[in-house]
Amino acid sequence: MINIIYRLKSPKFFEEAIEEVNLDDVLVRPIYLSICQADQRYYQGSRPSEILARKLPMALIHEAVGEVVSDSKNIFKAGDKVVMIPNTPFGEDICRANYSKHSKFRGSGFDGFTSDLVSLNHDRLVKIPEDFNLKVSSFIELMTVAYQGIMKFSNINCVSKDRLGVWGDGNLGYITSLFLKVLYPDSKIIVFGKHSENLNLFSFADEIYMIHDIPDSLDIDHGFECVGSQASQSAIEQIIDLINPQGTINLFGVSEYPIPINTRMILEKGITVQGNSRSEREDFEGVVDILQDNPQLFSYLSKLITNICEVKSIDDLKLAFDKDYISKFGKTILKWEI
Amino acid sequence: MIFAAILAGGIGSRMGGTDTPKQFLTLGDKPVIIHTIEKFVINSRFDKILVLVPQSFINHTINLISEFIKDNNNIVVLKGGQTRNNTIMNAISYIDDNFDIDDDSIIVTHDSVRPFVTHRIIEDNIAFAAKFGACDTVVPASDTIVESVDGELIKNIPLRDNFYQGQTPQSFKINKLAKLISSLNEDEINILTDACKIFVLNGEDVVLVDGEITNIKITYPYDLKLANTILKGIEND
Numbered sequence: 001m002i003n004i005i006y007r008l009k010s011p012k013f014f015e016e017a018i019e020e021v022n023l024d025d026v027l028v029r030p031i032y033l034s035i036c037q038a039d040q041r042y043y044q045g046s047r048p049s050e051i052l053a054r055k056l057p058m059a060l061i062h063e064a065v066g067e068v069v070s071d072s073k074n075i076f077k078a079g080d081k082v083v084m085i086p087n088t089p090f091g092e093d094i095c096r097a098n099y100s101k102h103s104k105f106r107g108s109g110f111d112g113f114t115s116d117l118v119s120l121n122h123d124r125l126v127k128i129p130e131d132f133n134l135k136v137s138s139f140i141e142l143m144t145v146a147y148q149g150i151m152k153f154s155n156i157n158c159v160s161k162d163r164l165g166v167w168g169d170g171n172l173g174y175i176t177s178l179f180l181k182v183l184y185p186d187s188k189i190i191v192f193g194k195h196s197e198n199l200n201l202f203s204f205a206d207e208i209y210m211i212h213d214i215p216d217s218l219d220i221d222h223g224f225e226c227v228g229s230q231a232s233q234s235a236i237e238q239i240i241d242l243i244n245p246q247g248t249i250n251l252f253g254v255s256e257y258p259i260p261i262n263t264r265m266i267l268e269k270g271i272t273v274q275g276n277s278r279s280e281r282e283d284f285e286g287v288v289d290i291l292q293d294n295p296q297l298f299s300y301l302s303k304l305i306t307n308i309c310e311v312k313s314i315d316d317l318k319l320a321f322d323k324d325y326i327s328k329f330g331k332t333i334l335k336w337e338i
Numbered sequence: 001m002i003f004a005a006i007l008a009g010g011i012g013s014r015m016g017g018t019d020t021p022k023q024f025l026t027l028g029d030k031p032v033i034i035h036t037i038e039k040f041v042i043n044s045r046f047d048k049i050l051v052l053v054p055q056s057f058i059n060h061t062i063n064l065i066s067e068f069i070k071d072n073n074n075i076v077v078l079k080g081g082q083t084r085n086n087t088i089m090n091a092i093s094y095i096d097d098n099f100d101i102d103d104d105s106i107i108v109t110h111d112s113v114r115p116f117v118t119h120r121i122i123e124d125n126i127a128f129a130a131k132f133g134a135c136d137t138v139v140p141a142s143d144t145i146v147e148s149v150d151g152e153l154i155k156n157i158p159l160r161d162n163f164y165q166g167q168t169p170q171s172f173k174i175n176k177l178a179k180l181i182s183s184l185n186e187d188e189i190n191i192l193t194d195a196c197k198i199f200v201l202n203g204e205d206v207v208l209v210d211g212e213i214t215n216i217k218i219t220y221p222y223d224l225k226l227a228n229t230i231l232k233g234i235e236n237d
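As you go down the protein sequences, you meet chains A and B in turn.
Counting in the working numbering, the first sequence runs from 1 upward without gaps.
Counting in the working numbering, the second sequence runs from 1 upward without gaps.
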């Protein structure tokens, strides 16, 4: 079947493209999509030029919920609300598929979700309950990244998990802190940031600190870095400084530049550093379960929504990206009506 | 109930150089009409998809559908009429004979030669026809419209902002459409080639659905060449 895809041709320039899609898979109509920093880096042209040259034209956006239009195998019913999994394995591997060289990621290795319809394999969809807030659900993918990092952390046998520190007062820091609060109700969740207006939203956290104003006696058992870019250097430095021996540091923040790390202190404290990127089906199922079991999370998560943009044309899509770019905090949600 | 009528009654006199109607020419690796039907087959809201073709192409169309469309129980191929309105009336007669419809039942009529119609446009047509009774898919006019009556001199250049180019689908409440078409005399049927115009001339509201510039109509050989280029262009990117 012929499908219309809205691709970024070059920075700040979208175009319609037409492609045939297979009717053997599931066809999904996107309802709400959410812009990620990674999309914004392509849109602004801030990725290295050789990467832009190799990857564009490409449809952006890897966070989205949609409605099933048709399923040749009748596993899904038309009208089912689903969250779409952007990571797509193209071969077997012994590692998790989100770290596999044989996987491609939507909006990075191949087309993202900005199209009239999206054709996906059955295992790339997770049904969501009818009563889920779809605007919040549009960024379930971002939640799954936090979730899979927390799950990996959970599997580490460590002495104490009493004091969990989260660095970063942006979207991922907020979600990671919130999920830690739900998954570790007996631990103290301590958030470190540098924007007081953002930190004010973290009302569920046990302690909140500005990064330049930390008491001398403060320590943490484990740290979650949700900062990214060059600022992740000072965040990691501070975590290493405050962490108790044999703690773990989970890294989430993406940087275009290599970040120097004080390995001497990592050795001295016996610290484990764990990298986290993307997510897989079990993480999506895990997040859907958490949201179903803790419906109060929707009101917390809806605080992250700062823009809702109706997209009826390519110009609207551009406007949404421009609006997102000047927003200092929160998620831009696209109501997909193109 | 909701029906789709894919109108392929025409014999493509403007296509030139070929005896095959344009809807049966190949776009990519399938006939144009198959691409168009697929857009409706994936939409489970249609109770029946009616494909109306010239008498001599009925068997050919049935064969193409069984060759290319696996899930084809919902499709019926019918004979089109001499004019667009006759074709629509044939569709309505079939619906009347085979289904128990009510005043809220809807027909989405679509040119078989517009294979690039989107799922969103079809959904909007269903929603708007249900709410307002009739709707027409349009895009704002991009070229200046020039009016001439004698084909030699400009009579008027109207304000472009008020003008749109009509695409399809056009969608209607079936009973209302049937009533309006049956009230036309023979001359009016021949002149009023656009079903929406019949509504407008009878003082009925027809609301606009946003079309897409990509929803092109394959009318001339150039259009088919362009459509094939657009489709293949992806592989070359």
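Derived by calculation from the structure, the hints in this document are not laboratory data.
Warning: the hint list may mix true and false statements.
Said to hold, decoys possible - Derived DSSO-like pairs: lysine-lysine, alpha-carbon spacing no greater than 27 Å straight-line:
{"hint": "1", "chain 1": "A", "residue 1": "Lys12", "chain 2": "B", "residue 2": "Lys70"}
{"hint": "2", "chain 1": "B", "residue 1": "Lys232", "chain 2": "A", "residue 2": "Lys81"}
{"hint": "3", "chain 1": "A", "residue 1": "Lys77", "chain 2": "B", "residue 2": "Lys70"}
{"hint": "4", "chain 1": "B", "residue 1": "Lys217", "chain 2": "A", "residue 2": "Lys312"}
{"hint": "5", "chain 1": "A", "residue 1": "Lys77", "chain 2": "B", "residue 2": "Lys131"}
{"hint": "6", "chain 1": "A", "residue 1": "Lys9", "chain 2": "B", "residue 2": "Lys217"}
Hints and how they fare:
1. A C-alpha spacing of about 40 Å is found between lysine 12(A) and lysine 70(B), which places the hinted pair above 27 Å, so the restraint is violated.
2. Distance hint between lysine 232(B) and lysine 81(A) is unfulfilled; the C-alpha atoms sit about 32 Å from each other, more than 27 Å.
3. Among the hinted pairs, lysine 77(A) with lysine 70(B) is consistent with the structure: their alpha-carbon atoms are about 18 Å apart, no more than 27 Å.
4. A C-alpha spacing of about 21 Å is found between lysine 217(B) and lysine 312(A), which places the hinted pair at or below 27 Å, so the restraint holds.
5. At roughly 25 Å between alpha-carbon atoms, lysine 77(A) and lysine 131(B) fall within 27 Å of each other, so this suggested pair holds.
6. This hinted pair checks out: lysine 9(A) and lysine 217(B) have alpha carbons roughly 25 Å apart, not beyond 27 Å.
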